[in-house]
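**Q** Take each chain as given, in its own frame, and dock them per the hints.
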Amino acid sequence: MEKHVKPGIKEIMESGTFLVSGEIGPPKGTDIDEMIEHIDLLKDKVHAMNITDNQSSVMRYPSLGTALIILEHGGEPNLQVTCRDRNRLAIEADLLFAYTRGVRSVLCLTGDSVPVGDHKEAKAVFDCESVQLLQLIRNMEEGKDSGGNELKGGVEFYKGAIVTPEAHPIEPQMLKFAKKIEAGAQWFQTQAVYDMDNFKRFMEKARKIDDKVKICAGLVLLTSMGAIKYMNANVPGVFVPDNLVQEMADAPKGEALNTGIRIMARQIRQCIDEKLCDGVHIMAIGKEGVVPQILDEAGVDISKM
Amino acid sequence: MIITTSKPFEEVLKQLEGEDKVFIIGCGLCSTTCETGGEEQVAEMKTKLEAEGKTVTGTIVYDEVCHELNTKRKFRENKEAVESADGFLVMTCGAGCQSVRESTEKGVHPANNTVFLGNILRQGNFTEKCSLCGDCVLEDFGAICPVTRCHKGILNGPCGGTDEGKCETDKEKDCGWTLIYNQLEKMGKLDRFQRIYGLKNWQASMKPGRVIFEKKGEGGE
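Just so you know, the sequences run in chain order A and B.
Oh and the first sequence: position 285 is 285 in this note's numbering, straight run, nothing missing.
Oh and the second sequence: position 132 is 1132 in this note's numbering, straight run, nothing missing.
Hints may be right or wrong, so weigh each one.
The calculated DSS-like cross-link candidates involving lysine-lysine, where the alpha carbons are at most 30 Å apart (straight line), are [unchecked claim]:
1) B:K1014 - A:K123
2) B:K1171 - A:K205
3) A:K229 - B:K1171
4) B:K1215 - B:K1074
5) A:K10 - A:K45
6) B:K1166 - A:K200
7) A:K287 - A:K6
8) B:K1171 - A:K28
9) A:K123 - B:K1171
10) A:K10 - A:K43
11) B:K1173 - A:K123
12) B:K1173 - A:K229
13) B:K1166 - A:K205
14) B:K1014 - A:K229
None of these hints come from the bench; they were simulated from the model.
Chain B extracted, bound-state conformation (with noise of 0.2 Å):
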């Protein structure tokens, strides 16, 4: 899921100055489960935004506002509310922002942080183990990410900041070679540790990324 957070309301008010209809979009999937862009967050938006003499147009809370073609979809449906807004405050992720900035001239502003591609480990509670690099390497490590959970991202086992099986950028992370190396031992494959990893490709997942998968039976007869 990806992992976004609140910006704080004096930004959000500064970035609709001189846009004084707005409307207000939110997505139903991850940032309402992180609580930033729900129906609640949304009805929650409408109100502070009205009490600083804003008018809002309309509210509209969706499925995959990534979804570039649903979310063209939406605007359709809701043409009068979009038509009469002069911009569109976007509660979701930075993709989801993108994808309405595809279906208006207008201004579209974000109302989040986008942080991260996160586990949920209950609600409110998120934490990143993966960070897309486009090649993946868990099999190797007993499926923990040294890319991710180590801090520096090595793939050679801890640096000596490590202490108590704790990070040194923080005393309340894991280290994530420590992790590691405890779960391959319970494997009985610390081989896998003492083997040398050579320099990664970064450029696996070359930014912007781009995937196009073939359509089945295209090309066919």
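One chain only, chain A, in its complex shape (with noise of 0.2 Å):
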């Protein structure tokens, strides 16, 4: 089994440090070194790494083996699971390879559909959806497999889970929260939140819903004004706010990334010193290389905290 270099994420979340997550999305194809120069950047920078599950049904280098390789360079990997490409079988035989391979966090979601992404034509799964998943994963860790049957050597997983705190409307995810909650979830992480008011009256009514499950806030990086427009206009649940927009808009030219970055970690700050939430999950979305420079500009070093 793979040597855990550092704490897992149970353990900063349950010693009640603020987490820092960063994420790194595979590529298409085998030339992993890009990705590997983005690990070991972000290693100690961040204290575990997300990694995509064939992220927006577009077909990538997979989740599992890159949190090998994550665990193999010295990082804590958040392993994602998407229900769309696999059914209870492929799941079930993948979590317990991961496990032997000393992946201990696993992050639940039903996943995108299939039409939205490059493999237009494929039969989705969707076997089960991540209420089910984390039930799954809670029957294996009692040593049952989802048809009954024992399991010879178990599995003991940090369970995560996704909220969307910019869905409308708000009240069926609210509830289906509360159902993952019920289902095994230990921890969230949220959707892109941009709009920080509306984050606080999420999160009041979150922890009306369960005050000890712990919630880190989804940050997703703006780095232009085209990738503003884009993602309020397509991509559901995610909404830039007007003062941002008009913060972006105003930026000089070639200063929009900066200005990005600045955003980020004000809101970083801002999570942390007005204690909003447990922890902030940053997306980078391939500009992973400006992380340190969030973290630094923000005033966050993990091994300080």
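**A** Okay, here's the thing in structure tokens:
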């Protein structure tokens, strides 16, 4: 079994430390050099790295393989598992393998739909979905697969899930949030939040449902006006408010990325200073190289947390 | 009703390569309603095939082409035209087409694509509300099916892709889970939404499906 160099997400969260996680988007192909550069760059700057699983239904290098590479490089992986591409047998088998190689944290997602990705004619699986996946893992932890058969050697994962604070309507999402907790979710990452006032309102609702479950704000780096327009028009559950659009629009030529970095650093600081949540999850979407700069600007050094 | 759409005529023609004498079969039920295999479309197909140099030995439109004994009877009734044909163009659903297969050893060709079990909203406007999953959950969800009306078929609430009550795959399509939520709220039964639904038995209706009813009185005195 791979030796853990770092404390796992569970230990960090349970100790009350503010979690700072990053994200690794595997490449489309076997050239993994740049991904490894990002892993090496981030491994001491963040507590853990999410690995996306065929994100947006676009086929990529696998999340499980990337999780092993992160472990080899001394980082802590948070394995994303979606239900889109595998049935319950395949998911269970992958989880057994992941556990034996040292993966300890799993983020359970239903997955984007196939037609939004780059294999539009593929057969979608969705044998189970996020809530059932959480239950399935909990059953495995109790020594049983989903067919009710005994496992020879079980698993124990820190089980994460997703919630969407910007969803409209929000009520069904909050009910599902509660179901995920009941099904075994121990911590949450949110989909992208930009409007911190709305995030505060969401956190109040979430804390009313459960005041113990850990919640990390999902922050997505703003890189250009084009990206904002695209997200506001096309990405469900993501909304960039007018004041941030204006701030990006006011950026001098060539300064858009730096403005985005400044905005995210400010949001991270606000989450910490106002104790809004239990951590932040930074999604730099291809600009992983600037994450250390974001953390510097936010005054965040995980070795001192 | 079984919803069908017409295959492009070029594809139909290609299927009939080498078969110059064709017998056309339409259905008086579903494909008549879908306008893919009623009297009018069969007549139109005959004209188009003849314009391409084919000989149409006969045409027939009858109810329940999927009824295999009925189809065999229709073949006997139209013996001459059927026997002189090189092949059959079937303007029905896939079930009708395979019913014809049981009645002949000659070429059998589908003129339609079979799309789904549909509800008729109005003439020419069909939508899918049931996926024939074999384990009906409508009672739990206010008679709105999440297996069918949620693109991902999920049983425990909307995914994060839903937006303003629409699906992430198509802004014109309702999010099934928003419909279910609104319905259960109206009924004062949101507790059903809060219930966790475990893994579904996707083999409740195992392909190929088969149901045999016991005949009443059989085995009695």
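**Q** Hinted pair, alpha-carbon criterion (30 Å max): K229 of chain A, K1171 of chain B. Please report holds or violated.
**A** 17 Å, holds
**Q** Holds or violated: K1171 of chain B and K205 of chain A, Cα atoms, limit 30 Å.
**A** Roughly 28 Å separates the two Cα atoms, so the pair holds.
**Q** Do the alpha carbons of K1173 of chain B and K123 of chain A lie within 30 Å of each other, as the hint requires?
**A** Answer holds: K1173 of chain B to K123 of chain A is near 20 Å, not above 30 Å.
**Q** If you draw a straight line from the CA of K10 of chain A to the CA of K45 of chain A, is it 30 Å or shorter?
**A** 18 Å, holds
**Q** What's the verdict on K1215 of chain B and K1074 of chain B, does the C-alpha distance respect the 30 Å limit or exceed it?
**A** 26 Å, holds
**Q** For K1014 of chain B and K229 of chain A, compute the direct alpha-carbon distance and say whether it is at most 30 Å.
**A** The given pair, whose Cα atoms are some 47 Å apart, is violated under the 30 Å limit.
**Q** Within 30 Å, alpha carbon to alpha carbon, are K1171 of chain B and K28 of chain A?
**A** 28 Å, holds
**Q** Hey, K123 of chain A versus K1171 of chain B, does the alpha-carbon distance stay inside 30 Å?
**A** 21 Å, holds
**Q** Take the C-alpha atoms of K10 of chain A and K43 of chain A, compute the straight-line distance between them, and say whether it is at most 30 Å.
**A** It holds: about 17 Å lies between the C-alpha atoms, which stays within 30 Å.
**Q** Between the alpha carbons of K1014 of chain B and K123 of chain A, is the straight-line distance 30 Å or under?
**A** Given that 30 Å is the threshold and the Cα spacing comes to 27 Å, the pair holds.
**Q** Tell me if the straight-line CA distance from K1173 of chain B to K229 of chain A falls inside 30 Å.
**A** Judged against 30 Å, a Cα distance of about 23 Å means the pair holds.
**Q** Holds or violated: K287 of chain A and K6 of chain A, Cα atoms, limit 30 Å.
**A** 24 Å, holds
Violated hints amount to a single one, hint 14; each of the other numbered hints is respected by the structure.
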